[in-house]
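**Student:** Residues per chain are reported as follows:
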Amino acid sequence: RKEVEQDPGPFNVPEGATVAFNCTYSNSASQSFFWYRQDCRKEPKLLMSVYSSGNEDGRFTAQLNRASQYISLLIRDSKLSDSATYLCVVNGANNLFFGTGTRLTVIP
Amino acid sequence: DAGVIQSPRHEVTEMGQEVTLRCKPISGHNSLFWYRQTMMRGLELLIYFNNNVPIDDSGMPEDRFSAKMPNASFSTLKIQPSEPRDSAVYFCASSTTGTSGDEQFFGPGTRLTVL
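Chains as they are written, first to last, in our numbering: chain A, 181 to 288; chain B, -2 to 112.
There may be inaccurate statements among the hints.
The list that follows gives simulated cross-link-like pairs (lysine to aspartate or glutamate, DMTMM-like), each with its CA atoms no further than 20 Å apart [what the hints assert, rightly or not]:
id : chain 1 : residue 1 : chain 2 : residue 2
1  : B       : K75       : B       : D53
2  : A       : K222      : B       : E100
3  : A       : K182      : B       : D53
4  : B       : K65       : B       : E41
5  : A       : K225      : B       : E100
6  : A       : K182      : B       : D54
7  : A       : K222      : B       : E41
8  : A       : K225      : B       : D99
9  : A       : K225      : B       : E41
10 : A       : K259      : A       : D237
11 : B       : K21       : B       : E8
These are calculated hints, taken from the structure and not from any lab test.
Same shape as in the complex, but just chain A (with noise of 0.2 Å):
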């Protein structure tokens, strides 16, 4: 089994829309989680961390569920700059997993 799981879509939204992306992860020991976003033949870039509490950014709101070891991310208000691939991101022991990416394309 992965480490982290996600979607791959691709979620194809129009500008304004509300969009979600989940993801799983099978270590229940893990503490530290993030969200990347990847733009087309660019380097992963942090997003934003996951808090136990959930967390919000501006127009991006993540959320963790540690009983069903389930992080989200919402975007609301989309604009076209959000289209890119975002990643789910879960520590390990020393490093970092990477789940392979939600592709989201926000369309005018």
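Mind docking chain B on chain A? Use the hints.
**Tutor:** Chain B only, in chain A's frame:
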């Protein structure tokens, strides 16, 4: 401040040739990671250094792959001999400490094509 620097950005080589990828981490970062990314398998950790010492190389696919970090500002990933299935984007990343809660900063990657 410069980010993680990788070279070359693109490499096209023939099967059997030796390939060397280079990375300069962000100054002051103590941890360095080499990843490989393909469409099928996503981003896979190959090897991880902390204070120039290899900590976990369990992701290195086979003996054809080797990595070194002779000092805090330079690391190499070598493939010898290269095979077509090694074609991928290879990323180097660095972080401030060895704890897995740190943000990792990625370089622009090396796109490798083995013919």
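**Student:** Indicate, hint by hint, whether the structure satisfies it.
**Tutor:** Going through the hints against the structure:
Distance check on the hinted pair: B/K75 and B/D53 sit about 17 Å apart at the alpha-carbon level, within 20 Å; holds. With a C-alpha separation of about 17 Å, the suggested pair A/K222 and B/E100 falls inside the 20 Å cut-off, and the hint holds. Using a Cα cut-off of 20 Å, the hinted pair A/K182 and B/D53 holds, with the two alpha carbons roughly 18 Å apart. Proximity of B/K65 to B/E41 is assessed by CA-CA distance (about 18 Å); at most 20 Å being required, the pair is judged to hold.
Between A/K225 and B/E100 the alpha-carbon distance is near 9 Å, which keeps this suggested pair within the 20 Å criterion. Proximity of A/K182 to B/D54 is assessed by CA-CA distance (about 18 Å); at most 20 Å being required, the pair is judged to hold. Distance restraint check for A/K222 and B/E41: the Cα-Cα separation of roughly 16 Å lies within the 20 Å cut-off, and the hinted pair is therefore satisfied. About 13 Å separates the Cα atoms of A/K225 and B/D99, which keeps this hinted pair within 20 Å; it holds.
Note on A/K225 and B/E41: the hinted pairing holds, with a Cα-Cα distance of about 16 Å set against a maximum of 20 Å. Distance check on the hinted pair: A/K259 and A/D237 sit about 15 Å apart at the alpha-carbon level, within 20 Å; holds. The suggested pairing of B/K21 with B/E8 holds, with an alpha-carbon distance near 18 Å, which does not exceed 20 Å.
The structure agrees with every numbered hint stated previously.
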